[in-house]
Structure formats: structure tokens, C-alpha cells
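Number of protein chains: 2
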Amino acid sequence: MKIQNQHYCSIWLNPHNRQQIQVIDQRFLPHQLEIKTLTRWQDCATAIQDMWIRGAPLIGATAAFGMYLAALQLPAQQPEAYLQQVAQNLLATRPTAVNLRWAVERQLNTLTGLAYNNPLIADTLLNSALEIANEDVETCRLIGVHGLQLLQAIYARKATTGPLNILTHCNAGWLACVDWGTATSPIYHAARAGIPVHVWVSETRPRNQGANLTAWELAQNGIAHTVVVDNCCGHLLQHGMVDICIVGTDRTTRTGDVANKTGTYLKALAAHDNNTPFYVALPSSTIDWQISDGLKEIIIEQRHSDEVKYVGGISNSGQYHRVLITPPNSPAANYGFDVTPARLITGLITERGVCPASQEGLLQLFPEMNRIQ
Amino acid sequence: MKIQNQHYCSIWLNPHNRQQIQVIDQRFLPHQLEIKTLTRWQDCATAIQDMWIRGAPLIGATAAFGMYLAALQLPAQQPEAYLQQVAQNLLATRPTAVNLRWAVERQLNTLTGLAYNNPLIADTLLNSALEIANEDVETCRLIGVHGLQLLQAIYARKATTGPLNILTHCNAGWLACVDWGTATSPIYHAARAGIPVHVWVSETRPRNQGANLTAWELAQNGIAHTVVVDNCCGHLLQHGMVDICIVGTDRTTRTGDVANKTGTYLKALAAHDNNTPFYVALPSSTIDWQISDGLKEIIIEQRHSDEVKYVGGISNSGQYHRVLITPPNSPAANYGFDVTPARLITGLITERGVCPASQEGLLQLFPEMNRIQ
Chain Y
1 MKIQNQHYCS
11 IWLNPHNRQQ
21 IQVIDQRFLP
31 HQLEIKTLTR
41 WQDCATAIQD
51 MWIRGAPLIG
61 ATAAFGMYLA
71 ALQLPAQQPE
81 AYLQQVAQNL
91 LATRPTAVNL
101 RWAVERQLNT
111 LTGLAYNNPL
121 IADTLLNSAL
131 EIANEDVETC
141 RLIGVHGLQL
151 LQAIYARKAT
161 TGPLNILTHC
171 NAGWLACVDW
181 GTATSPIYHA
191 ARAGIPVHVW
201 VSETRPRNQG
211 ANLTAWELAQ
221 NGIAHTVVVD
231 NCCGHLLQHG
241 MVDICIVGTD
251 RTTRTGDVAN
261 KTGTYLKALA
271 AHDNNTPFYV
281 ALPSSTIDWQ
291 ISDGLKEIII
301 EQRHSDEVKY
311 VGGISNSGQY
321 HRVLITPPNS
331 PAANYGFDVT
341 PARLITGLIT
351 ERGVCPASQE
361 GLLQLFPEMN
371 RIQ
Chain G
1 MKIQNQHYCS
11 IWLNPHNRQQ
21 IQVIDQRFLP
31 HQLEIKTLTR
41 WQDCATAIQD
51 MWIRGAPLIG
61 ATAAFGMYLA
71 ALQLPAQQPE
81 AYLQQVAQNL
91 LATRPTAVNL
101 RWAVERQLNT
111 LTGLAYNNPL
121 IADTLLNSAL
131 EIANEDVETC
141 RLIGVHGLQL
151 LQAIYARKAT
161 TGPLNILTHC
171 NAGWLACVDW
181 GTATSPIYHA
191 ARAGIPVHVW
201 VSETRPRNQG
211 ANLTAWELAQ
221 NGIAHTVVVD
231 NCCGHLLQHG
241 MVDICIVGTD
251 RTTRTGDVAN
261 KTGTYLKALA
271 AHDNNTPFYV
281 ALPSSTIDWQ
291 ISDGLKEIII
301 EQRHSDEVKY
311 VGGISNSGQY
321 HRVLITPPNS
331 PAANYGFDVT
341 PARLITGLIT
351 ERGVCPASQE
361 GLLQLFPEMN
371 RIQ
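Top line first, the protein sequences correspond to chains Y and G. One point on numbering: in this note's numbering, the residue at position 90 of the first sequence is 90, and numbering is uninterrupted. One point on numbering: in this note's numbering, the residue at position 330 of the second sequence is 330, and numbering is uninterrupted.
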């Protein structure tokens, strides 16, 4: 998508130096656009752990490139053990995102049958990482194509005049993926198809990915939007100011439960209470076919309490500050995600089409997964 | 309640100068404790409008003292018209709080039969304002007494070990009243009765009254607490980490619908979805007996978008900063309250006892209101 009218992806191979991966450092958006160069697998781990980059698909792609960078510095002794250890370290950077495991395992599998001292190991991992990134672009594009049909139908039967009002949470935008985004892809596609869209952007405390990232990427791509605090979403839904909710997911169970940014569950409850459709957009790589009870089986990442106690932004002088908003000694808890039960979800928008949030719905689109019990 | 081990009220007559009202300026808490002196009715209007003070009962008391300060400067010509105009101006400072209207009308009624050029007008209004303030202290104390019984019962049947976990939203604490608070009064009473309490404090964007005020007043009074972002409350409720929710209200319909700080509705939905009791603590002055459908009849105050776009706090250097957290040109909407339908509320804790959130429940406690249709 566009930044200052130029096309960007969120991660790319440096065209001038194939030993470097480049990413947009998202920590200082929307105030400052910074490009970071990653040259070691540890840089990728840091980028994931310290959230220079975030979003399940982009985390997966970054970890995949991390495996490639590790292979560039493969030790002569026990190269396989080394790569296995790198894989473990990359997996430990964020517990919730299922794409992380998926991407790292795909990288390990791609080496099956190759000797680990083979000089082609790095090339193999690079090609596979590029494939993962490109596939993500195509997956997100398809999510947009299927989501567009949904938005066209809802817009056609909208009773009141005015734009199609879409509520989204967090950033399931192109910044969370490689391009297009998941939840935003139907929005970008609808705008291109001529539907007047307006997006309610919930700020998404504690890290404000809505206010910081989604608002910024929508603005850069000319999409009308309004930022609201997370608390306000119930009021909007109660008063018919939302036609559809679309959010992303970090992990989806085979039964359609969705682990996503904390606060998603509250918005789904309010959508349900007001008969407003609530959709989750997801690449199938975020489906964890092994688990069926999101509430019991998904471990929710607890992040540092400082994310709650401090807020970052720029002051009038244009300087970036982190400011403390609680009494200095008050403790804070920071559960980063929550689980939205499938019963609150109208449907899932995947790269293969839209389906009910249920095992039956998902297996209709992904029948090859029937064998996994 | 206590600040640095000294007893304070949130508003008081300056004991050294009876023409001055003093309040705690709550805008810079928890970082800085500032006492402001109000000498003109316009100061009271500013204190309400610019939220030096907030909370339905305290707004009412401040407006009542404002009427007194106006009477100190009563013009010789048309004093009645002047006071009526002051009353209108005070009423216009905040649209949602029903106590504001109640207190201002009570002040006007207290003058019934007095000539407006009577030198006792000011004294009459002062005594009535002090009465309003003292009554609020007693009302809040009684809310605590009744709420304590509820908390004792819930603690007695708590299946797991550990403290009684109470979730509250915004600041319905003593800072919002004159003393004790509404939602916090049962908590302070429970702590004094020896129940180990732990309070989940939702930060309450956009103005962070939870993180700024509730956390601070609980800390000053030795109550264990943890700050969470509003988004996190669903997760806490899903995982049995909350035994009871208690919130305040700015306005309650005769049928038990509750208008309170934005985000209350979402927490009530989550409590309901997880079979957790959700109580609203209120002085009966916040009941608007004229209206019966909160969603249709309560006009929700829209506040300035800068409250959403900026967050205030102190930086590492100890300086207070307001920082911008959205793209500078992204619009923001700021509906300050929402309405929680009575069906989601387990009960109302009033100064006369606890009742179901319904017209029947309220009329059992306030049978004298039966005549109002």
C-alpha cells in the first residue's frame, strides 16, 4: 500500500544487498517513519520481541527471514543444532501468534533432505522466506476480494444514507502483514470499487495500534476514518453507527474461536448485543487446527506493565515522550490478547472465501484438514 | 478519605474566609496535588466545565456553592433574573449529570418566599450548599454500609482462596463525591471490616480517571489494586478473576438504565456473559424519575476530540506533557458516556438499600416517587 504516494511493503530484501532485510520500524508511527536494516537473526528476534514489527503474518515473515540470516552465519560445527536453536529462540519471542510457529517450521521443513553444511542452505531459506512473504500478499489480496463481496452486499441493503461504516480494532492492516492487510484488505478493495467507506478506528490500548498505525495507514491511502477510544465502541454499536465490524486474529481454533488483541471480545459482545455483523479476517496460516477451545487452550501473553502505565506520543514541541499515567507505585496487569468465542462471530473471511465461525464452516473451506483430529 | 494520612473532602468552605470555596484540582492527579480557591460563580462553572472537579455528586455540590458565590455579588437591579441566569449557565456546563440540575434547582427552591434583595440570600444558599455536601457524605456512607453486606455475602460464598476481586470503572470514588465515594464506599467499608479486597482499576480512556484518580485514591487509603486497560476487562471476567463489578452512574432512569462513563456498557456485557454480578452504586439524586428509556432519552455528551487525540502524564524528567497519539489530521469522536440497559445490571446500591435495576425495584426503596409517571 502507499506511504506518501509511494508503494511499500512492510518487509523486503534490500535490493542492493541480499544479506540485509529491511522493515518499517513501527514503534514511532504515526509521528516518524523509520526504516530498519536487519543483518543478523538476532535483529529479527529483537524486531519481533520489541515490536518494531508486529501482526501475525508479518511476525511469521520476519521469523522466516531470520532463519535465512542465521544460515548466512552457520557454524561449521553442528550447523543443524545451531539452526534448531535459532528456531527455538525465534519461537520464544512471542507466544500467541501461530504464524510464528508455522513460518519457522516451514523453514525447517524446507531443509528436509539437504545436508546442513550445504552452501545452498541460505539460498533455500531465502527463497522460502520470499515465498512466504509473497504468498502472504496474495492471501491478503484474496481476503480482500472475498470481503469485498460481503461489503457490497451489506452496503446494498443499508437502510440509511451515508457511507458504509466499518469498525475495526487494533491494526490488522498492511503494516501487520506484508501488503493489503487482513481486516483492512476488504476496506481497501471496497474503496477501489467505489463504495464510500468510513472506518471507526478503536485506539487499541495499551499500545494504541489503532490510533498510531491503522489511522495512519488509512490516512496515507485516502480512506475516511475517525479514531475513538475503545470504550466508545459500545455506544457506536448501540446507536446504529456501525454497519459491520472486521478485525484480525493472531490465532484461530479449528472451531472458530479467535484470539486477537485485548478488547476484541468486548467489541464482539457489543456487536452481538446490537445485531451487527462481526467478521474476522484471517489467512489460514493463523488457524491452529490442533486446538478446539480457545478459552481453555490458548495461553494469553502477559506483557510488561509499563505498556499500561506509560503512553508514548509527541508533545507540542514535536518531541517524542513516554508519559506516566498512573501513580508511580500502582501495579498494572497487561494481558495482551483475549479470546472471542465463535458464538459471537458472524463469519470468517479467509483467502478461500467466507465461512461460519465453526469447525464445519472451516472444514468446508479447508477439507484437507479433516484428517486432523 | 485520606491523602498522605490526612483527612480531606473534595470540596470545602475555606475556614479562614467564608467567601471562598476550595477544591482539589483533579486535573494533575496523581502526579501533583493542587488546591484551587473559587471566589466567583464563574470559577465554579469553569471548575465543572474544564473538569478541575468531576463526578456527578461533586458537580452538584460545586454548582450549589456556585449559586452561593453568585449571591455574594448580587446586583441591586433584577437580582432574581441574575440568579436565574447564573443557574442556567451552571446547568449548561455539563449536560449528562442529573445531580447538576438537582442541586441548582434545590438552591433556587430554597429561596422560595425570600425577597431576592434580602441580605440573608447568600447565607441561605451557603447553608443549603453545606447541607447538600453533608448529605452527600452521609448518602455515600450509607451506600457503603449497604454495599458492605453485599460484599460480605459474595466473599463468604467465594469458592477460591485469595482476596475479593472487585472491578470498577472510571472514578466513582470519594474524589467524585464529597467523601467516601459511591462505587468505592463499599470497598472502603469492606477493607475496614477486614475483608481482603483487591480492586481491578480500568484506566477509563479517554480521560484516564481510573488510572489517574481511582488508583491514586485507593493507594492513598491502602487498598490493594491493579490498573488494567479498559480492553482487558473482558479477559479478567472470562477467567474468573473478578468476583463483582461495582461502578457509579451519572444518571439513572426510573427503570434502572444507567448512563455512566463511556465503556461501562462493555464491562456490563462481559460481566453478564460470564455470570459475574454487576452492581451500580448511586445516590438517589442521580435518578431521573422523568425518563424511562436510557438509550432513547439520555443525550450523550460529545466532548472535544483532543481528549481522544492527546494523553497527559509526566515524562521521565518529572514534567507534565500532553502527547499526541494519533496522526495530526485524523479526526476523532468523543462520546463521553454510554447507557447500560437495566437488563445487564444485577442491582443498584443506594443510600436506602440494594434493589433490582427496575422500576419496581426502585419504587420499593423510593415509594414516594410512585406519583411521578
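A portion of the hints provided could be inaccurate.
Heads up, simulated DSS-like pairs for lysine-lysine below, C-alpha to C-alpha not over 27 Å straight-line [as the list claims (entries may be wrong)]: (1) 2/G with 36/G; (2) 158/Y with 158/G; (3) 296/Y with 36/G; (4) 2/Y with 36/Y.
Please keep in mind that the hints were generated in silico from the structure rather than gathered at the bench.
(request) Output the numbers, in ascending order, of every earlier hint that fails for this structure. (result) Result: hints 2 and 3 break, sorted rising.
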